[in-house]
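*Asks:* Those sequence lines, one after another, are chains A and B.
Residue 935 is where the first sequence starts when you use our numbering, and the numbers rise one by one after that.
Residue 755 is where the second sequence starts when you use our numbering, and the numbers rise one by one after that.
In short, the hints are calculated from the structure, not lab data.
All C-beta atoms, glycine included, are put in the ideal place defined by N, C-alpha and C.
Each hint should be verified, as a subset may be incorrect.
Stated by the list, open to error - With a Cα cut of at most 30 Å, we get these calculated DSSO-like pairs of lysine-lysine: (1) K1006(A) to K1266(B); (2) K872(B) to K901(B); (3) K1068(B) to K1147(B); (4) K1024(A) to K1147(B); (5) K1287(B) to K1266(B); (6) K982(A) to K1266(B); (7) K1006(A) to K1024(A); (8) K924(B) to K878(B); (9) K924(B) to K872(B); (10) K1024(A) to K878(B); (11) K1147(B) to K924(B); (12) K1076(B) to K1147(B).
What the hints assert, rightly or not - Far from chain A by the CB rule (all over 10 Å, computed), these chain B residues: (13) T756; (14) H807; (15) A839; (16) Q1093; (17) G1282.
As the list claims (entries may be wrong) - Taking CB as the label site, the calculated pair distances span: (18) V1125(B) to E976(A): 51 to 59 Å; (19) E976(A) to E1134(B): 27 to 35 Å; (20) E1143(B) to E976(A): 30 to 38 Å; (21) E976(A) to R1171(B): 29 to 37 Å; (22) N1296(B) to E976(A): 51 to 59 Å.
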Amino acid sequence: MTIRILLVDDHSVVRQGLRMFLSLDPDLEVVGEASNGAEGIEQVRQLKPDVVLMDLVMPVMDGIMAIQQLRKESPDVEVIALTSVLEDEKVVGAVRAGAIGYLLKDTQADELCRAIKAAAQGQVPALAASRGATRARDQGARQPRKIDRARDGCLCACSQWGVPTKRSPTNLSSGKRPSRRT
Amino acid sequence: MTPMEFVRLQDELRKTNEELAAANEALRESERELERRVEERTHELSTLLRVSHNITTTLELESLLGLILDQLKEVVDYRLASISALEGDTLVLLEQRGGAEPMVNERESLTNHPNTLKMLEAGKPLIIPDLNADTYLAGRVRGNIVKRGKEALYADNNSWMSIPLIAHEKPVGVLVLAHEEVNYYTPARADLAMAFANYAAIAITNARLFTEERRRAEQFHVISEVGRRITSILSLDQLLVETARTIRESFGYHHVHIGMVEGERVVFKTRNAARPQDEAFQCCEDVTPIVGREGISGWVAGTGESLIVPDVMKDVRFIPSKNDQTRSETAIPIKIKGQVIGVIDVESDHLNGFDESDLIVLQSLADQVAVAIENARLYEQARHLAALEERQKLARELHDSVSQALYGIVLGARTARTLVEREPVKAIEPLDYILSLSEAGLAEMRALIFELRPESLQTEGLVAAVGKLVNAVGARYQLKVRIEASEEPGVALEVKESLYRIAQEALNNIAKHARAQHVEIRLAQGNGQLILKISDDGIGFNTAQSFPGHLGLHSMRERAEKAGGIFAIESAPDQGARIQVTIPLSSR
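Please build the complete structure, drawing on both the sequences and the hints.
*Replies:* Right under this line is the structure:
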């Protein structure tokens, strides 16, 4: 079953590039795009994606506010914050708002797919070593849980995601939506 | 009567006649003498009245002193005369007439002249009829003349008179006269000189008051002038240099340094205020005294109190430097909110170069300097903040433009690479995407470089600048922007910059909030007006309500009005927006 993805970024060139790149992976499908947080929430309501790639700095409604609202009204949807170096400080806010992890826009493109797949399985990534991430961890963001590799063959650790963990792999394998963390 | 008796009587009668004639002659002589003396006295008194009037109507101290001595000669003659003023217990010779050797500005302590002191206390002239006589007083005066090495000056003067100058019952100075004729200064001449001296004393007192008042007025004028000059200077270094130079030039001080407290030291900042080739000044600037421990400035910075040092050689705090001619010094703290932030240090090449009035003036200047320093610091901070904001803005611009384009290029290249191996034909799409992004990135970079070099607005012009902006924004947000521009408008650079910023703000607003497909920019001239119109087919907004980007509109309006133009906006929900800036060309 393909993972349904919504792209939320105010830069259309980024959305276009992501759509193009993710279309290479048959397990991934970009089902929609939005250019700000408010549009993103609306699209989630309509399209029910599995994963949202959410830019943080956007007009109208920024990514952090949108993540907060999504956690409330669509808890089944995993959100990955998509940030650039300049937005490093916002990582804390994004993770505290409920993003399962974050990706830097300079991340190697290959890792993007792996990360999306991990997130779709509810795996909480170990946060990458950045100032914002360290502070996020210090301030009580979701803590990585221990990974059960034996039960999840599709896990792919990468440097950006650190040591991946698995929240509820069984749900994914059974075709159900991953259950929410406690 | 016998013939003998007749002859005797006749003789007696003749004698009596002779005696009567002699008496008559004596009487006539006496009358003539009286007339002569009355005439002389009248002349003396009228001269006294005239010269007194002359001197009491003169208020310039310097010309008055010379006038007093010149007029005195008309009342009482002299070969040598001088006026000394009393400053505390010191007599300062201010003016002289006669004598080959100048004595002006010589200072003598009254403790070395007990007779002069007695004379001042008694308020009566002191006369030495013959300087060469073997009397106690003549001996004292001769001894003093020898002691001072003034033998030549008094060589041909034989009689000597010293007269107290008393005004309002207070001694203010001494008038000294010398004459070659022994016993020249008679009590009558002494009375006359004393009467003249009384007028002279009052005239000197008035002139001093006038001079003091005028000096005070000049000081206030200078204080006000310094304040006016320094409050308009916003560079701290320039402010300190200009202030030091102005104080020195206005008040004629020898050296003026201004130092700032930096950590535990006072660091002087006024090197550039020096006169040319003033090596000693430069040496003083090199000294960095420890606050509260070294130097007069260090002491003032430590205590926060002003200080006058009348003789620096007698003060252990003084730090001498090479070729230093400093004899006295004063230092005043510069304070902001009670905290000493610096010191104004003023040096004189004379002993006792400063008094309380200098302190009042310098304190007032220090207060003004403190305010100016605070202003300059705030300005520096504001400039620093502006530079920081500018850098942040540039960083945001880079983030919004080039870094997104580069990320897109990475994604496109990855896609293309995979497709080249898998399905080469499909690689064309990501390659085209990479190409368009590269071109967009280049346009963005050109626009950013333009931002960093505002002068290119002058060299390349407004039309070219807006063209670059349109290319960059169009590529970044995939907006179709059409530009229609007349020839380069002949307006001032600041007007062009305002229009450029308005166009930039408007395009950003459209890209971020309007969801427009098409944008049109029109720059036209005609009917004495320059008009910039920007319209879009986006979602529009209610101009009467708050809406995203309203702050940008506010800034656009401000820019337009600052450039002497009119800003107008027209929009409604679902009807796009139209902005127009009209600048009258005649007013530019």
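*Asks:* If a hint holds in the structure, say so; if it does not, say that too.
*Replies:* Taking the hints in turn, this is what the structure says about them:
| no. | hint | result |
| --- | --- | --- |
| 1 | K1006(A) to K1266(B) | holds, 27 Å |
| 2 | K872(B) to K901(B) | holds, 20 Å |
| 3 | K1068(B) to K1147(B) | violated, 60 Å |
| 4 | K1024(A) to K1147(B) | holds, 17 Å |
| 5 | K1287(B) to K1266(B) | holds, 19 Å |
| 6 | K982(A) to K1266(B) | holds, 26 Å |
| 7 | K1006(A) to K1024(A) | holds, 20 Å |
| 8 | K924(B) to K878(B) | holds, 13 Å |
| 9 | K924(B) to K872(B) | holds, 14 Å |
| 10 | K1024(A) to K878(B) | violated, 95 Å |
| 11 | K1147(B) to K924(B) | violated, 75 Å |
| 12 | K1076(B) to K1147(B) | violated, 52 Å |
| 13 | T756 | holds, 159 Å |
| 14 | H807 | holds, 87 Å |
| 15 | A839 | holds, 75 Å |
| 16 | Q1093 | holds, 35 Å |
| 17 | G1282 | holds, 38 Å |
| 18 | V1125(B) to E976(A): 51 to 59 Å | holds, 57 Å |
| 19 | E976(A) to E1134(B): 27 to 35 Å | violated, 48 Å |
| 20 | E1143(B) to E976(A): 30 to 38 Å | holds, 34 Å |
| 21 | E976(A) to R1171(B): 29 to 37 Å | holds, 35 Å |
| 22 | N1296(B) to E976(A): 51 to 59 Å | violated, 21 Å |
Hints 3, 10, 11, 12, 19, 22 from the earlier list are contradicted by this structure; the remaining hints agree with it.
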